[in-house]
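In this note's numbering, the protein residues as written are 818 to 897.
If you're looking for bench data, these hints aren't it; they were derived computationally from the structure. Each hint should be verified, as a subset may be incorrect.
Dumping the calculated DSS-like pairs for lysine-lysine here, alpha-carbon to alpha-carbon at most 30 Å [to be verified]:
#	residue 1	residue 2
1	837	891
2	891	859
3	859	838
4	859	837
5	879	837
6	838	879
7	879	891
8	879	859
9	891	838
Have a look at the derived ranges for each label pair, beta carbon to beta carbon [stated by the list, open to error]:
#	residue 1	residue 2	range
10	851	890	18 to 24 Å
11	851	895	25 to 31 Å
12	873	847	15 to 21 Å
13	894	843	32 to 38 Å
14	820	851	22 to 28 Å
15	861	826	18 to 24 Å
16	855	889	17 to 23 Å
17	880	848	14 to 20 Å
18	826	848	19 to 25 Å
These numbers come from a predicted model, not from an experiment. Quick reminder that beta carbons are idealized off the backbone N, C-alpha and C, glycines included.
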Amino acid sequence: GGDRVHLRDITVPFMSVLGKKDHIVPEAAAAPVLDLVGSPDKTDLRLAGGHIGLVVGRTAAKTTIPTIIEFLEKQSEPLL
818 GGDRVHLRDI TVPFMSVLGK KDHIVPEAAA APVLDLVGSP DKTDLRLAGG
868 HIGLVVGRTA AKTTIPTIIE FLEKQSEPLL
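Let's have the full structure, built from the sequences with the hints guiding it.
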């Protein structure tokens, strides 16, 4: 809509997921976002994988996806 967006205006729980071997969004480019987000509830998940490896393959199945699900469950209201 043409409105300027500021990361500091994000106040909901926030999780940053980045790959230490990511050549598409390098760790140095992705890491500062956590300090720019305004939420007091911030989680930083850094894994050894690359951009695609974070969501596909062994690292994704064993670490990335379960950690994201756990984070979302903690933020969600229980079903009645």
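Results for each hint:
| no. | hint | result |
| --- | --- | --- |
| 1 | 837 - 891 | 25 Å, holds |
| 2 | 891 - 859 | 13 Å, holds |
| 3 | 859 - 838 | 22 Å, holds |
| 4 | 859 - 837 | 19 Å, holds |
| 5 | 879 - 837 | 17 Å, holds |
| 6 | 838 - 879 | 17 Å, holds |
| 7 | 879 - 891 | 19 Å, holds |
| 8 | 879 - 859 | 22 Å, holds |
| 9 | 891 - 838 | 28 Å, holds |
| 10 | 851 - 890: 18 to 24 Å | 21 Å, holds |
| 11 | 851 - 895: 25 to 31 Å | 28 Å, holds |
| 12 | 873 - 847: 15 to 21 Å | 18 Å, holds |
| 13 | 894 - 843: 32 to 38 Å | 36 Å, holds |
| 14 | 820 - 851: 22 to 28 Å | 23 Å, holds |
| 15 | 861 - 826: 18 to 24 Å | 20 Å, holds |
| 16 | 855 - 889: 17 to 23 Å | 20 Å, holds |
| 17 | 880 - 848: 14 to 20 Å | 18 Å, holds |
| 18 | 826 - 848: 19 to 25 Å | 20 Å, holds |
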